[in-house]
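> Residue strings, one per chain:
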Amino acid sequence: MPDRQFVKYTFLKVDPAWRRLPDAERAEGKREFLAACEDYGAERLLRAFSTIGTRGDCDLMLLAQATSLERIHELHVVLGQSGLMKWCSIPHSYLAMTKGSEYSDDSRLEIRPQHSKYLFVYPFVKTREWYRLAAPERYRVMQEHIRIGREYPGIDINTSYSFGLDDQEFVVAFETDDPGAFLDLVHRLRGTEASAYTKRDTPTFTCVATSVERALNALDGASLDVGLESLAS
Amino acid sequence: MPDRQFVKYTFLKVDPAWRRLPDAERAEGKREFLAACEDYGAERLLRAFSTIGTRGDCDLMLLAQATSLERIHELHVVLGQSGLMKWCSIPHSYLAMTKGSEYSDDSRLEIRPQHSKYLFVYPFVKTREWYRLAAPERYRVMQEHIRIGREYPGIDINTSYSFGLDDQEFVVAFETDDPGAFLDLVHRLRGTEASAYTKRDTPTFTCVATSVERALNALDGASLDVGLESLAS
Amino acid sequence: MPDRQFVKYTFLKVDPAWRRLPDAERAEGKREFLAACEDYGAERLLRAFSTIGTRGDCDLMLLAQATSLERIHELHVVLGQSGLMKWCSIPHSYLAMTKGSEYSDDSRLEIRPQHSKYLFVYPFVKTREWYRLAAPERYRVMQEHIRIGREYPGIDINTSYSFGLDDQEFVVAFETDDPGAFLDLVHRLRGTEASAYTKRDTPTFTCVATSVERALNALDGASLDVGLESLAS
Amino acid sequence: MPDRQFVKYTFLKVDPAWRRLPDAERAEGKREFLAACEDYGAERLLRAFSTIGTRGDCDLMLLAQATSLERIHELHVVLGQSGLMKWCSIPHSYLAMTKGSEYSDDSRLEIRPQHSKYLFVYPFVKTREWYRLAAPERYRVMQEHIRIGREYPGIDINTSYSFGLDDQEFVVAFETDDPGAFLDLVHRLRGTEASAYTKRDTPTFTCVATSVERALNALDGASLDVGLESLAS
Amino acid sequence: MPDRQFVKYTFLKVDPAWRRLPDAERAEGKREFLAACEDYGAERLLRAFSTIGTRGDCDLMLLAQATSLERIHELHVVLGQSGLMKWCSIPHSYLAMTKGSEYSDDSRLEIRPQHSKYLFVYPFVKTREWYRLAAPERYRVMQEHIRIGREYPGIDINTSYSFGLDDQEFVVAFETDDPGAFLDLVHRLRGTEASAYTKRDTPTFTCVATSVERALNALDGASLDVGLESLAS
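Residue numbers (numbering that gives the first Met the number 0), protein chains in the order written: chain W, 0 to 232; chain Y, 0 to 232; chain E, 0 to 232; chain V, 0 to 232; chain D, 0 to 232.
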């Protein structure tokens with residue numbers, strides 16, 4: 000049986016002062032950050048997303064997965080040594096684990112984003128009333144929710160669990176190429192019985208899928224190749 | 000059939016330290032920002048508003064529209080390269096999309112601000128009870144709201160939708176030349192049945208319509224022409 | 000018929016680093032700020048208050064009134080050019096308008112502070128239940144509130160309206176020379192029927208009335224005359 | 000009849016950068032702060048407390064009392080001129096007045112801390128339901144509260160009132176040498192009928208009573224005598 | 000009879016600018032911090048945890064215990080003198096005391112973490128309704144909670160009490176080597192009757208147990224030995 004995975008969403012905000020540094024220094028800091036990601040991603044899931052233009056409080060999100068919490072910790076220690084992280088804060092951070100779902104028989108011991116163009120992420124807390132319902136009643140309520148979701152086959156969901164590990168109960172990540180369809184789905188789900196048991200589902204992040212390198216380039220509009228040239232001169 | 004549009008409200012706050020920079024450096028930073036806006040606005044909707052004097056937490060708001068989210072993302076990457084953004088934070092940011100309304104048959108696939116003098120913007124969240132009402136009941140409740148609104152023909156509304164994309168459900172933007180009439184309208188709407196289903200409608204922004212150039216000039220009281228002279232000397 | 004007025008409360012916090020500047024630079028920055036206020040105040044209401052010692056999050060409050068929102072905007076653009084504002088943030092800001100009251104026949108189209116020693120200011124939001132009451136019922140409930148207020152003739156009230164313009168519904172400003180009597184009045188009003196319809200009435204600011212010059216001198220304990228001497232030497 | 004007093008709790012947080020200044024500069028800044036306190040305290044109540052180790056958001060608390068609000072204002076203007084305050088923020092600030100209590104016949108027109116080792120301070124807001132109870136009912140409910148309090152004779156209470164003056168309704172300050180007994184008392188009071196009418200009683204500050212000089216020395220672990228030597232060398 | 004203990008959880012966040020200091024300066028600052036911890040820990044409980052990778056708002060947590068509050072205060076004064084603390088803020092801080100539990104006869108006058116790999120910490124506030132229940136009813140409700148907890152023998156709990164001392168009522172710290180089991184336990188406890196009386200149980204911290212030295216090394220990825228070499232060269 001496969002292991003459960005730790006799942007980490009780390010949202011970074013770059014200090015505007017970083018953009019005032021010399022080109023070569025910025026390029027070097029990004030290259031160190033990229034190296035840490037490539038090292039980690041060689042054997043485990045690591046994905047990068049840009050939130051520039053979709054949020055005001057963060058610029059880049061890393062999604063990392065590992066079977067050991069130590070590996071998640073080490074990734075962030077190594078990232079912290081990069082020149083880029085010396086100018087970053089982490090305004091949002093979500094730690095979670097995978098777990099078999101009680102509402103479906105899919106194996107859910109890994110999250111497996113499908114390389115869609117967008118990821119929509121939010122921390123999720125249900126009301127305590129929800130947990131006081133009997134299991135068959137919760138199952139019944141969820142069927143409407145699941146049924147509506149199935150009408151949108153281009154939208155996949157990755158759910159992970161944070162009970163006792165972080166401030167939320169779940170971290171929910173939807174992925175799709177079609178933001179309008181996703182918006183319409185969420186709008187429709189507001190009317191379901193399950194929706195009344197939502198206590199918190201914000202902040203809600205629209206994340207643009209990209210490579211680590213391109214997410215880094217978006218921070219200052221400079222490609223790492225240009226940076227290399229700057230260093231060489 | 001026309002495409003749905005992405006709508007982005009980006010509120011900027013300039014670090015007070017920026018105003019301590021040399022005139023020429025400020026002018027150059029503003030000019031780069033202006034160029035990014037002009038480039039974007041050549042083919043799409045981009046409007047600028049000043050919030051100096053109406054808010055304490057922001058100075059300038061950009062309203063941008065595009066059929067692709069990538070274009071919104073790219074606009075903010077290019078803005079980020081301007082000298083001005085190296086001294087700015089984004090304290091408020093709202094991402095939304097257009098959508099046909101269920102309460103009227105107007106085509107609403109674009110927002111079309113009418114060059115009124117003021118725009119009043121707020122993120123909007125309704126209670127979950129609202130969404131549990133049957134559609135005919137919601138329709139009935141909205142009629143009183145709409146009827147009162149029609150008594151104020153000088154006030155137009157632009158609604159966009161953020162379900163699943165951002166922290167709010169709607170972004171509402173009223174425009175008018177007459178703030179007193181708008182205040183009276185909002186006061187009257189407090190007594191409607193629909194109003195009881197409001198969960199959150201703050202922060203509320205009074206935005207003064209202007210050109211990008213004038214919004215930039217208001218940041219330091221210096222016109223870009225003066226800045227050019229400073230550079231030349 | 001006189002015009003309705005825009006009313007603006009702007010609370011400033013000076014960066015502690017400003018107090019580390021040379022005397023002459025601070026004096027110059029204050030003098031520019033004072034000049035902007037004197038220019039505005041020559042034709043319109045502009046009052047200054049100190050909150051040093053009464054609040055931790057702000058130092059100085061300006062109360063400005065104008066028949067046009069552009070004039071309020073311009074005042075803040077000109078203030079922003081002063082040396083002092085290059086070291087200030089605006090932690091609290093309230094925009095409002097005057098309006099005839101539905102509970103009294105006084106003309107209320109201007110706020111007219113009477114030069115009392117203290118001004119007590121707070122943003123005010125009522126519950127939605129309040130607005131669902133029939134007008135005669137609201138009128139009845141307000142009578143007890145008004146009757147108690149009249150037992151304190153040394154306390155005057157200036158109410159302005161922010162529906163749709165800012166985050167609050169009202170900005171309430173009481174003025175008196177006797178803070179103890181005001182405290183006792185507010186304590187008594189807690190027991191009225193009207194009080195149950197209060198949703199928010201904080202932050203609450205105790206503001207010490209003074210001249211702009213003295214409010215500026217309180218920021219660094221240096222009078223502008225001393226500053227002038229410093230510049231001359 | 001004695002006058003009512005203004006009571007001010009000012010909590011300071013020192014910027015970590017202050018600790019990087021030269022010894023002599025820190026000592027000079029503390030000495031100026033101390034002089035302002037000694038001058039004020041010569042004729043009025045001024046007490047100092049350290050919150051280092053008990054809170055993360057503040058380092059030092061000053062409790063000042065005066066019959067005039069101007070004197071409280073002036074104290075803070077003079078403190079602001081000290082070198083220390085050029086590196087401090089005021090994350091918490093409570094303004095209040097004394098008032099005769101409706102539940103006991105003690106004279107309460109002054110707060111008189113008894114030099115206990117600890118002061119436990121919190122701002123306090125009751126629910127509006129509390130104020131709607133008839134006075135005899137409120138009196139009845141308070142008797143249980145007061146009776147339990149009397150079982151802890153080593154714990155004294157100083158209550159002051161902030162209605163209309165600041166964000167809270169009361170500022171409550173308990174003093175004792177025995178924190179464990181105080182904790183047990185507060186735990187027991189949770190079960191009283193009165194407790195159900197509490198709307199807010201945080202933040203809660205554990206304050207270690209000390210002299211101004213020792214509270215200042217705790218900020219950088221340097222005694223002012225050492226500082227004098229540094230200046231002399 | 001043994002004394003009750005004070006328990007302090009201090010969460011530190013290092014300013015990103017600290018990582019831009021020369022290696023030797025960082026090493027020296029960490030060494031001073033380590034010395035303060037070793038001195039304190041020689042006679043009392045002091046444990047270090049890293050939150051790098053699990054949280055975005057803090058990097059390191061110290062858990063300290065003492066029979067006197069003065070000793071906790073002094074620890075933080077001495078820590079404040081270290082070079083490291085000149086670049087740190089304390090975003091979270093919890094002060095508590097031990098106390099015999101009313102639900103079990105275990106002696107609980109000390110917290111005794113068992114060197115598990117992880118500590119899960121959160122401040123805890125119950126609803127006022129909880130405290131209004133009769134003691135036998137509270138006892139009954141807790142039995143289900145305790146019974147479920149006993150099904151997870153690899154998870155220990157350390158509870159301390161903050162009534163009147165800090166913003167929360169309890170500080171709860173679970174320890175285990177198995178985060179997945181702990182997550183499952185917390186998920187199951189959501190359905191208990193006791194869970195309905197939870198008012199607040201966030202922020203929730205996943206803390207990785209380590210030595211002080213290793214927690215410090217994780218801050219900049221540099222071991223103190225390397226630092227010593229840097230100083231020697």
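One should not assume that every hint holds.
Copies of the same chain are indistinguishable here, so a pair counts whether it falls within one copy or spans any two.
[What the hints assert, rightly or not] Straight-line C-alpha distance at most 27 Å; calculated DSSO-like pairs for lysine-lysine:
no., residue 1, residue 2
1, K85, K98
2, K198, K85
3, K98, K116
4, K125, K85
5, K198, K125
Think of the hints as simulated: they come from the structure by calculation, not from any bench.
> For every hint, state whether the structure bears it out.
Checked hints:
{"no.": "1", "hint": "K85 to K98", "result": "neither (35 Å within a copy, 42 Å between copies)"}
{"no.": "2", "hint": "K198 to K85", "result": "neither (36 Å within a copy, 37 Å between copies)"}
{"no.": "3", "hint": "K98 to K116", "result": "both (25 Å within a copy, 21 Å between copies)"}
{"no.": "4", "hint": "K125 to K85", "result": "neither (36 Å within a copy, 40 Å between copies)"}
{"no.": "5", "hint": "K198 to K125", "result": "both (5 Å within a copy, 14 Å between copies)"}
The structure shown violates the earlier hints numbered 1, 2, 4.
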